[in-house]
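Chains as they are written, first to last, in our numbering: chain A, 278 to 632; chain B, 278 to 632.
Worth flagging that the hints you see were computed from the coordinates, not collected in a lab.
It is possible that part of the hints are untrue.
Straight-line alpha carbon distances no greater than 30 Å define the calculated DSSO-like cross-link-like pairs of lysine-lysine that follow [unchecked claim]: (1) B/K590 / A/K516; (2) A/K350 / B/K286; (3) B/K350 / A/K286; (4) A/K326 / B/K326; (5) A/K590 / B/K326; (6) A/K590 / A/K615; (7) B/K347 / B/K516; (8) A/K326 / B/K590; (9) B/K286 / B/K516; (10) B/K326 / B/K347; (11) A/K516 / B/K286; (12) A/K590 / B/K516; (13) B/K615 / B/K590; (14) B/K350 / B/K516; (15) A/K561 / A/K615; (16) A/K516 / A/K350; (17) A/K615 / B/K326; (18) A/K516 / A/K347; (19) A/K516 / A/K286; (20) A/K326 / B/K615; (21) B/K590 / B/K561; (22) A/K326 / A/K347; (23) B/K561 / B/K615; (24) A/K590 / A/K561; (25) B/K516 / A/K516; (26) B/K516 / A/K286.
Not everything, but these chain A residues come out facing chain B in the computed CB check (under 7 Å) [claimed, not checked]: (27) R282; (28) Y291; (29) T307; (30) E309; (31) R332; (32) P334; (33) I396; (34) K516; (35) S520; (36) D524.
For glycine and all other residues, C-beta sits at the position ideal for the given N, C-alpha and C.
Protein chains: 2
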Amino acid sequence: MSYERENIKQMSGYSSGEQPEDGNTLKLNTNENPYPPSAMVTRAIQQFKPTELRRYPPPTAATFRQLTAKLHKLDVDNIIATRGGDELLRLVITTFVDPGEPIGVTDPTYSLYPVLAGIQDCPLVEVGLLDDWGLPDNFADTMNSNGVKLTLLVNPHAPSGALLPIQTIRELANQLDSILLLDEAYIDFVEEDFDTPSLVQDHHNLIILRTLSKGYSLAGLRFGYGIAAPQLIEPMLTKTKDSYNLDLLSQRIAEAAISDQVSAERSWQLVIEERHRLQAELAKLGMTSPASQTNFLLVSSPVDAEQLYLRLKDRQIMVRYFALPRLRDKLRITVGTKAENDRLLSAISEILDSY
Amino acid sequence: MSYERENIKQMSGYSSGEQPEDGNTLKLNTNENPYPPSAMVTRAIQQFKPTELRRYPPPTAATFRQLTAKLHKLDVDNIIATRGGDELLRLVITTFVDPGEPIGVTDPTYSLYPVLAGIQDCPLVEVGLLDDWGLPDNFADTMNSNGVKLTLLVNPHAPSGALLPIQTIRELANQLDSILLLDEAYIDFVEEDFDTPSLVQDHHNLIILRTLSKGYSLAGLRFGYGIAAPQLIEPMLTKTKDSYNLDLLSQRIAEAAISDQVSAERSWQLVIEERHRLQAELAKLGMTSPASQTNFLLVSSPVDAEQLYLRLKDRQIMVRYFALPRLRDKLRITVGTKAENDRLLSAISEILDSY
Numbered sequence: 278m279s280y281e282r283e284n285i286k287q288m289s290g291y292s293s294g295e296q297p298e299d300g301n302t303l304k305l306n307t308n309e310n311p312y313p314p315s316a317m318v319t320r321a322i323q324q325f326k327p328t329e330l331r332r333y334p335p336p337t338a339a340t341f342r343q344l345t346a347k348l349h350k351l352d353v354d355n356i357i358a359t360r361g362g363d364e365l366l367r368l369v370i371t372t373f374v375d376p377g378e379p380i381g382v383t384d385p386t387y388s389l390y391p392v393l394a395g396i397q398d399c400p401l402v403e404v405g406l407l408d409d410w411g412l413p414d415n416f417a418d419t420m421n422s423n424g425v426k427l428t429l430l431v432n433p434h435a436p437s438g439a440l441l442p443i444q445t446i447r448e449l450a451n452q453l454d455s456i457l458l459l460d461e462a463y464i465d466f467v468e469e470d471f472d473t474p475s476l477v478q479d480h481h482n483l484i485i486l487r488t489l490s491k492g493y494s495l496a497g498l499r500f501g502y503g504i505a506a507p508q509l510i511e512p513m514l515t516k517t518k519d520s521y522n523l524d525l526l527s528q529r530i531a532e533a534a535i536s537d538q539v540s541a542e543r544s545w546q547l548v549i550e551e552r553h554r555l556q557a558e559l560a561k562l563g564m565t566s567p568a569s570q571t572n573f574l575l576v577s578s579p580v581d582a583e584q585l586y587l588r589l590k591d592r593q594i595m596v597r598y599f600a601l602p603r604l605r606d607k608l609r610i611t612v613g614t615k616a617e618n619d620r621l622l623s624a625i626s627e628i629l630d631s632y
Numbered sequence: 278m279s280y281e282r283e284n285i286k287q288m289s290g291y292s293s294g295e296q297p298e299d300g301n302t303l304k305l306n307t308n309e310n311p312y313p314p315s316a317m318v319t320r321a322i323q324q325f326k327p328t329e330l331r332r333y334p335p336p337t338a339a340t341f342r343q344l345t346a347k348l349h350k351l352d353v354d355n356i357i358a359t360r361g362g363d364e365l366l367r368l369v370i371t372t373f374v375d376p377g378e379p380i381g382v383t384d385p386t387y388s389l390y391p392v393l394a395g396i397q398d399c400p401l402v403e404v405g406l407l408d409d410w411g412l413p414d415n416f417a418d419t420m421n422s423n424g425v426k427l428t429l430l431v432n433p434h435a436p437s438g439a440l441l442p443i444q445t446i447r448e449l450a451n452q453l454d455s456i457l458l459l460d461e462a463y464i465d466f467v468e469e470d471f472d473t474p475s476l477v478q479d480h481h482n483l484i485i486l487r488t489l490s491k492g493y494s495l496a497g498l499r500f501g502y503g504i505a506a507p508q509l510i511e512p513m514l515t516k517t518k519d520s521y522n523l524d525l526l527s528q529r530i531a532e533a534a535i536s537d538q539v540s541a542e543r544s545w546q547l548v549i550e551e552r553h554r555l556q557a558e559l560a561k562l563g564m565t566s567p568a569s570q571t572n573f574l575l576v577s578s579p580v581d582a583e584q585l586y587l588r589l590k591d592r593q594i595m596v597r598y599f600a601l602p603r604l605r606d607k608l609r610i611t612v613g614t615k616a617e618n619d620r621l622l623s624a625i626s627e628i629l630d631s632y
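Okay, chain A solo, but in the shape it has when bound:
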């Protein structure tokens, strides 16, 4: 006898990128930041008193929320702290979308979205992106006419790296009948001045997702946050999130990390520089990619992409291959340090020479 709900039985779970345990593997498959977290993180861990773990943690991570509100020149009521961006995505669905109500996404998009929609038993409305990974003009109309309750948009886009301009975000928020969740997991690697948090003051259907996983080199910490009008934050904060969703030590580490913008910005700058170099060097090998505002490149492969993925894996270099319509001739490659990127480049060069 199976006790699973029918929608859970029918669905597949999220498949995360492989996490090899050995020390020699070059991991360019899950968009982790190649630079270490802030020295303030180290200090926060060193100064932590283990006996403090005896007690329940602050239930809403008030200190972290205050620091983050200040960073974005917003109020603490505009912020919810979550266990990675994943928890925010789940909470937004749980709080605002009834089972059976449609959730809107682009195609392609972050592969977790359909999984989360499946758990809530919500159908997807998918709109294909243009050839340049931009949004078609009828995007908002399609969402509205399908009765979409929540639109999930990752910007900069994954897996292409393309960035929608702020003006488009504004227009979308105005046009959409639904909540617009703007997933800014990669926003820290955008080169231009790009300040979206202030938009939540005018757009009360906009929720912005941020994470410390990429920009703050803390994928292992599971810490993110949402930015929105207080009426959207409040039910998630007081009703639908787990009572104590963030442990005490994580809160301290996240407070340290968000307070050290200088260290984080240094890593963003280094990633941006290496992104340009890697893109140019890959192009010389016949592997082109669209302009990326993230810490990864979506690279066209001059040979069978899955083969190239496997041959890199043989050499202990992990990149990401998606067996999906518009992606199966491409590889998604995370930008590493200079030395890591050099190792990747010479491996690709050798493999291509053998064809």
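Fit chain B to the given chain A structure using the hints.
What follows is chain B alone, placed relative to chain A:
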């Protein structure tokens, strides 16, 4: 305009016990363990390399699950690691109960259960406990005849501290058509030999909840686990939990804590000894309580219980008062250290003398 789902709009969130920030308050209101966590926890934090946080953590906490499986003489497929017991409760509902399907509980019970049922939009079937806090004979029949999909049972019971015998658990698991979730948050403080994990081998509708919050002095860590047949564990592990639900540092700390049974057992023994002493001393003051197998006592108050709660609070002593039918003449008091219990006892003695 409100975007909240109707069921979320209608519900109230969980109210956790107060968490005063000052150092002088005696916290006997949230059932935390009064003794510090294992020295192995301290070592795990000291030995942790912050650069490891750069990468995503092991997605299923495999090492912790292996250690825990070994502890309970079960297989790793019988275990899921979760962010506190709370996450397990949520996952069980999300995975196995459709919106609209009833969830069964006792009355009174852990006050989080109705909140979680509300989030999933599930009605509650409540069965009142007997005067001695035992289950009425028709409990399973009532659940079955109401089409209950999931029965939530906290054992030892909160807030009474009463323990149902293993034989009753076996019978319930046999009789119930639903999944039986046995919330063993307080199991470590049971005096008799009480080994339920092995029951999951025969009872494929049984899920046991354990937490490191109480027994391992790690409420601030948010780490718990579920024990069940693999067919119940698997969909939660691979489909419905957040992709990386447990951060790396928490996993290391939990592995250290679960490996040091000696230290944990020492705290359990001390709590049990103090529980007996506190119960006897309170009885001398006219405040009786039923036998408790937990780290708290449900104490009858000879004066207005809410008044007593408030007057203790004036003296910076926090205990828990529930304004509920069978509880409003009682206080739930966490067992502290000897010194803490002495401070409580003399405060109560002084307050009662003033009546």
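So, going through the hints one by one against the coordinates:
{"no.": "1", "hint": "B/K590 / A/K516", "in the structure": "holds, 27 Å"}
{"no.": "2", "hint": "A/K350 / B/K286", "in the structure": "holds, 29 Å"}
{"no.": "3", "hint": "B/K350 / A/K286", "in the structure": "holds, 29 Å"}
{"no.": "4", "hint": "A/K326 / B/K326", "in the structure": "holds, 17 Å"}
{"no.": "5", "hint": "A/K590 / B/K326", "in the structure": "holds, 27 Å"}
{"no.": "6", "hint": "A/K590 / A/K615", "in the structure": "holds, 19 Å"}
{"no.": "7", "hint": "B/K347 / B/K516", "in the structure": "holds, 25 Å"}
{"no.": "8", "hint": "A/K326 / B/K590", "in the structure": "holds, 27 Å"}
{"no.": "9", "hint": "B/K286 / B/K516", "in the structure": "holds, 27 Å"}
{"no.": "10", "hint": "B/K326 / B/K347", "in the structure": "holds, 27 Å"}
{"no.": "11", "hint": "A/K516 / B/K286", "in the structure": "holds, 9 Å"}
{"no.": "12", "hint": "A/K590 / B/K516", "in the structure": "holds, 27 Å"}
{"no.": "13", "hint": "B/K615 / B/K590", "in the structure": "holds, 19 Å"}
{"no.": "14", "hint": "B/K350 / B/K516", "in the structure": "holds, 26 Å"}
{"no.": "15", "hint": "A/K561 / A/K615", "in the structure": "holds, 17 Å"}
{"no.": "16", "hint": "A/K516 / A/K350", "in the structure": "holds, 26 Å"}
{"no.": "17", "hint": "A/K615 / B/K326", "in the structure": "holds, 23 Å"}
{"no.": "18", "hint": "A/K516 / A/K347", "in the structure": "holds, 25 Å"}
{"no.": "19", "hint": "A/K516 / A/K286", "in the structure": "holds, 27 Å"}
{"no.": "20", "hint": "A/K326 / B/K615", "in the structure": "holds, 23 Å"}
{"no.": "21", "hint": "B/K590 / B/K561", "in the structure": "holds, 22 Å"}
{"no.": "22", "hint": "A/K326 / A/K347", "in the structure": "holds, 27 Å"}
{"no.": "23", "hint": "B/K561 / B/K615", "in the structure": "holds, 17 Å"}
{"no.": "24", "hint": "A/K590 / A/K561", "in the structure": "holds, 22 Å"}
{"no.": "25", "hint": "B/K516 / A/K516", "in the structure": "holds, 23 Å"}
{"no.": "26", "hint": "B/K516 / A/K286", "in the structure": "holds, 9 Å"}
{"no.": "27", "hint": "R282", "in the structure": "holds, 5 Å"}
{"no.": "28", "hint": "Y291", "in the structure": "holds, 5 Å"}
{"no.": "29", "hint": "T307", "in the structure": "holds, 6 Å"}
{"no.": "30", "hint": "E309", "in the structure": "holds, 5 Å"}
{"no.": "31", "hint": "R332", "in the structure": "holds, 5 Å"}
{"no.": "32", "hint": "P334", "in the structure": "holds, 5 Å"}
{"no.": "33", "hint": "I396", "in the structure": "holds, 6 Å"}
{"no.": "34", "hint": "K516", "in the structure": "holds, 4 Å"}
{"no.": "35", "hint": "S520", "in the structure": "holds, 5 Å"}
{"no.": "36", "hint": "D524", "in the structure": "holds, 4 Å"}
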